[in-house]
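Student: These are the residues of each chain, in order.
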Amino acid sequence: MQMIKCPWCGPREEVEYHYGGQAHVAYPAEPAALSDEEWAHYLFFRDNTRGLFAERWVHTAGCRRWFNAVRDTVTYRFHATYRPDEPRPVTA
Amino acid sequence: MADTLVPLQRTHPLDARPSLTEATVGAVRVVDVSAQVQVRAAVPGPAADALAQVIGAPLPTRPGTWTPTPAGGRIVWLGPDEWLVVDPSAPSWDLEARLRAAAAPHGGAALDVSGQRVVLSLSGEHARDLLAAGCAVDTHPSVFRRGAAAQTLLGQAGVILLALSDDGTDYELFVRSSFARYLADWLADAATEHRTA
Numbered sequence: 001m002q003m004i005k006c007p008w009c010g011p012r013e014e015v016e017y018h019y020g021g022q023a024h025v026a027y028p029a030e031p032a033a034l035s036d037e038e039w040a041h042y043l044f045f046r047d048n049t050r051g052l053f054a055e056r057w058v059h060t061a062g063c064r065r066w067f068n069a070v071r072d073t074v075t076y077r078f079h080a081t082y083r084p085d086e087p088r089p090v091t092a
Numbered sequence: 093m094a095d096t097l098v099p100l101q102r103t104h105p106l107d108a109r110p111s112l113t114e115a116t117v118g119a120v121r122v123v124d125v126s127a128q129v130q131v132r133a134a135v136p137g138p139a140a141d142a143l144a145q146v147i148g149a150p151l152p153t154r155p156g157t158w159t160p161t162p163a164g165g166r167i168v169w170l171g172p173d174e175w176l177v178v179d180p181s182a183p184s185w186d187l188e189a190r191l192r193a194a195a196a197p198h199g200g201a202a203l204d205v206s207g208q209r210v211v212l213s214l215s216g217e218h219a220r221d222l223l224a225a226g227c228a229v230d231t232h233p234s235v236f237r238r239g240a241a242a243q244t245l246l247g248q249a250g251v252i253l254l255a256l257s258d259d260g261t262d263y264e265l266f267v268r269s270s271f272a273r274y275l276a277d278w279l280a281d282a283a284t285e286h287r288t289a
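Quick note, the sequences are listed as chains E and Y, same order. If you're matching positions, the first sequence starts at 1 in this note's numbering and goes up one per residue. If you're matching positions, the second sequence starts at 93 in this note's numbering and goes up one per residue.
In short, the hints are calculated from the structure, not lab data. Predicted model only: the values in this text are computed from it and were never measured. Among these hints, one or two may not hold up.
Partner residues are not named here, just some residues of chain Y that face chain E (Cβ under 8 Å, in silico) [to be verified]:
hint : residue
1    : G156
2    : L170
3    : P172
Just so it is clear, CB atoms sit at the ideal spot from N, CA and C, and this is done for glycine as well.
Let the hints inform the model, and build the full structure from the sequences given.
Tutor: Following this line, the structure appears as structure tokens:
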């Protein structure tokens, strides 16, 4: 089974984690000023990247913390994991 | 009216089970822990300092560790702002009240979770073999020695695993009360192959 490295707990089995969708989706600065269409885009529209993709994951069975990961959607290989307050690392 | 009520009897999830210690040839036994209190505080910060003062030891900040307390208990790291304070003898309501009184004014929190988890002791030469049957965490003494703690899955049940010795023969397991029967049966099954008779 693939091991995923939690930024706090270290490498753990994949079954301990849950997926949380695309990372770095910023909350609108002025939500009230958004049109319905813009709001729908913020809520539901996500990239469908082929290749490296920054995502949110949560270590459910461990420290129960959310973190971000850069994963290759083609190979399922994890290139980096980092805490939510850290910037996306440069990955090849 | 109140004196006509029958006082609640404290029960243990493993009371009705045939002896776990017997079934695992002495490797597993149930540990009586009086109080478990979950605390939240930002570190560094005044709430964490206040909690440390009540416990008598600083909260461990390194992920995946536990530290002993002067009262013979443990402080287990559960998250960057979350710990489990275990005390073998203090009444849980009293420990909760003291920790809450110290932390609450500074934005911290303390909650009595004594009924949430059952504590099992896992010791002897086969302790690591039993763990290896259903846990992916590397428990080799070179990386998982006294002071190490892991929240992980054992036989698919969520557990907190503490290493008590440096030679990999003494562990403590915290498991949710509702999973205790299952994990006890699982451990008994995992121990079958190590029985000599």
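Student: Are the hints correct? Go through all of them and say.
Tutor: How the hints compare with the structure:
Because the smallest distance between the Cβ of G156 of chain Y and any Cβ of chain E comes to about 6 Å, under 8 Å, the interface hint for this residue holds. The interface hint given for L170 of chain Y holds, since its Cβ lies 7 Å from the closest Cβ of chain E, which is under the 8 Å cut-off. For P172 of chain Y, the suggested interface contact is upheld, since its CB lies about 7 Å from the closest CB of chain E, less than 8 Å.
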